[in-house]
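A.B. asks: Sequence:
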Amino acid sequence: MPTYDLYAKDPGASLWQVPATGAARFSWEYDEGRDRLLALYQKGKDKQWDGQKRIDWDLEVDPHDPIGTPDESISIYGTPYWEKMNDRDRGELRKHVASWQFSQFLHGEQGAMVCAARIVESVPDLDAKFYSATQTMDEARHAEIYARFLHEKVGMVYPIDDNLQSLLGDTLRDSRWDMPYLGMQVLIEGLALAAFGLIRDTTEKPLPKQILAYVMQDEARHVAFGRMALRDYYKQLSDAELREREEFVIEGCYLMRDRLRGTEVLENFGVPRAEAEEYTEQSEFLALFRQLLFSRIVPCVRDIGLWGKRLQQAYVDMGVFDMGNSNLDLLMSQDEELAEKLDADRFAAEEEARVTEVEEAIEAGARP
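In the working numbering, the protein residues as written are 2 to 369.
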């Protein structure tokens, strides 16, 4: 079924065109590169996987509870609107919320694919071009997987959130080659990792858990790539150039924080926008969610050398300044380990089932 037939709201024109700016850069030095980045490139090649085969798409999904997150995560939980709903209405709301969340993941992955391709084009160093080429493939796979989940398991798609679209547009329109790194690798990818992780760690549904764990295994490499490249480059910039990038980060973080409202979902259930916004602001679960979402961004921003007073004050105002002390390397290694454990558990279960089948066949064959 065409995606346009599944949209919960009219997404507008079928194409969004962002004018390209900046230069395409070629490097004629093919035999040198940073060892850390070339090692990451090798890892990117080694870790390629097929979303059609690694994920068990035969797993059933309840369309009225597709991702199995707690009802407390829905901002109108416990309000008069929630109390008036019957079980069928609440199931339909869960479906819309899941569709909205995974739709933003889908649109963000397409944006990441375009940004990674832009990095291949514009970054001056060949080692970075090599790695970005592997990331472009990763992001294509992620978009493919989220699209399949929404089409086959949920049956509904939401248009891209205005704030996410705004940050993507700002990132792609900037002519400076490092801005796709900063906008995508640090801000959008960092926030996505935290959002993926929260759902991965709270759901008991095996299919979304698989999807999120495997995607996060890739994303851990992508954030590492952005940190390496920007840390090296930002050491060379003037104070004025660093301040410009900090202003971009501040604006992007406010956009990403405000992206989390999902008020268009509530409007579809008769909640006026003003009330929907108020409920999202008052939700204790979403307040915690917002804080956790910056657990990947703040330490990464600090690590690459963007830590001026204005940026620090912005994080204080958002209530996420202490996230700068998070151990980003530990979080990333955990993301990779969880995906590997999921694989090991799944393969062990399949092996056990095969052994049982063989034993039963032998036993049946031994009967007179």
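Source of the hints: derived by calculation from the structure; they are not laboratory data. Glycine included, every Cβ here is placed at the ideal spot set by N, Cα and C. Among the clues, some could well be false.
Think about it this way: if two alpha-carbon atoms lie no more than 30 Å apart in a straight line, the pair counts; the simulated DSS-like pairs of lysine-lysine are [what the hints assert, rightly or not]:
| # | residue 1 | residue 2 |
| --- | --- | --- |
| 1 | Lys130 | Lys236 |
| 2 | Lys130 | Lys206 |
| 3 | Lys10 | Lys130 |
| 4 | Lys342 | Lys85 |
| 5 | Lys310 | Lys210 |
| 6 | Lys54 | Lys44 |
| 7 | Lys206 | Lys85 |
| 8 | Lys54 | Lys310 |
| 9 | Lys236 | Lys342 |
| 10 | Lys44 | Lys130 |
| 11 | Lys342 | Lys206 |
| 12 | Lys48 | Lys130 |
| 13 | Lys342 | Lys210 |
| 14 | Lys210 | Lys46 |
| 15 | Lys236 | Lys310 |
| 16 | Lys236 | Lys54 |
| 17 | Lys310 | Lys48 |
| 18 | Lys342 | Lys44 |
| 19 | Lys310 | Lys206 |
| 20 | Lys210 | Lys10 |
| 21 | Lys46 | Lys236 |
| 22 | Lys310 | Lys46 |
| 23 | Lys310 | Lys44 |
| 24 | Lys54 | Lys342 |
| 25 | Lys130 | Lys54 |
Computed Cβ-Cβ distance ranges for the label pairs, DEER-style [stated by the list, open to error]:
| # | residue 1 | residue 2 | range |
| --- | --- | --- | --- |
| 26 | Asn87 | Leu16 | 39 to 45 Å |
| 27 | Arg355 | Arg91 | 38 to 44 Å |
| 28 | Phe290 | Lys44 | 28 to 34 Å |
A.B. asks: For each hint, tell me whether it holds in the structure or not.
C.D. replies: Evaluated hints:
1. Lys130 - Lys236: holds (20 Å)
2. Lys130 - Lys206: violated (37 Å)
3. Lys10 - Lys130: Between Lys10 and Lys130 the Cα gap is close to 38 Å, so the pair fails against 30 Å, i.e. violated.
4. Lys342 - Lys85: Distance of about 42 Å is beyond 30 Å: violated.
5. Lys310 - Lys210: violated (39 Å)
6. Lys54 - Lys44: holds (20 Å)
7. Lys206 - Lys85: holds (27 Å)
8. Lys54 - Lys310: violated (48 Å)
9. Lys236 - Lys342: violated (38 Å)
10. Lys44 - Lys130: holds (15 Å)
11. Lys342 - Lys206: Cα-Cα ~16 Å, so holds.
12. Lys48 - Lys130: Distance of about 18 Å is within 30 Å: holds.
13. Lys342 - Lys210: holds (12 Å)
14. Lys210 - Lys46: Answer holds: Lys210 to Lys46 is near 24 Å, not above 30 Å.
15. Lys236 - Lys310: holds (18 Å)
16. Lys236 - Lys54: violated (43 Å)
17. Lys310 - Lys48: violated (39 Å)
18. Lys342 - Lys44: At roughly 18 Å apart (the allowed maximum being 30 Å), Lys44 and Lys342 satisfy the hint.
19. Lys310 - Lys206: violated (43 Å)
20. Lys210 - Lys10: Distance ~27 Å between Lys210 and Lys10 Cα, so the pair holds.
21. Lys46 - Lys236: holds (29 Å)
22. Lys310 - Lys46: violated (40 Å)
23. Lys310 - Lys44: Distance ~36 Å between Lys310 and Lys44 Cα, so the pair is violated.
24. Lys54 - Lys342: Cα-Cα ~17 Å, so holds.
25. Lys130 - Lys54: holds (28 Å)
26. Asn87 - Leu16: 39 to 45 Å: With a Cβ separation near 40 Å, Asn87 and Leu16 satisfy 39 to 45 Å, so the hint holds.
27. Arg355 - Arg91: 38 to 44 Å: At 40 Å between Cβs, range holds.
28. Phe290 - Lys44: 28 to 34 Å: Distance hint for Phe290, Lys44 holds at roughly 31 Å.
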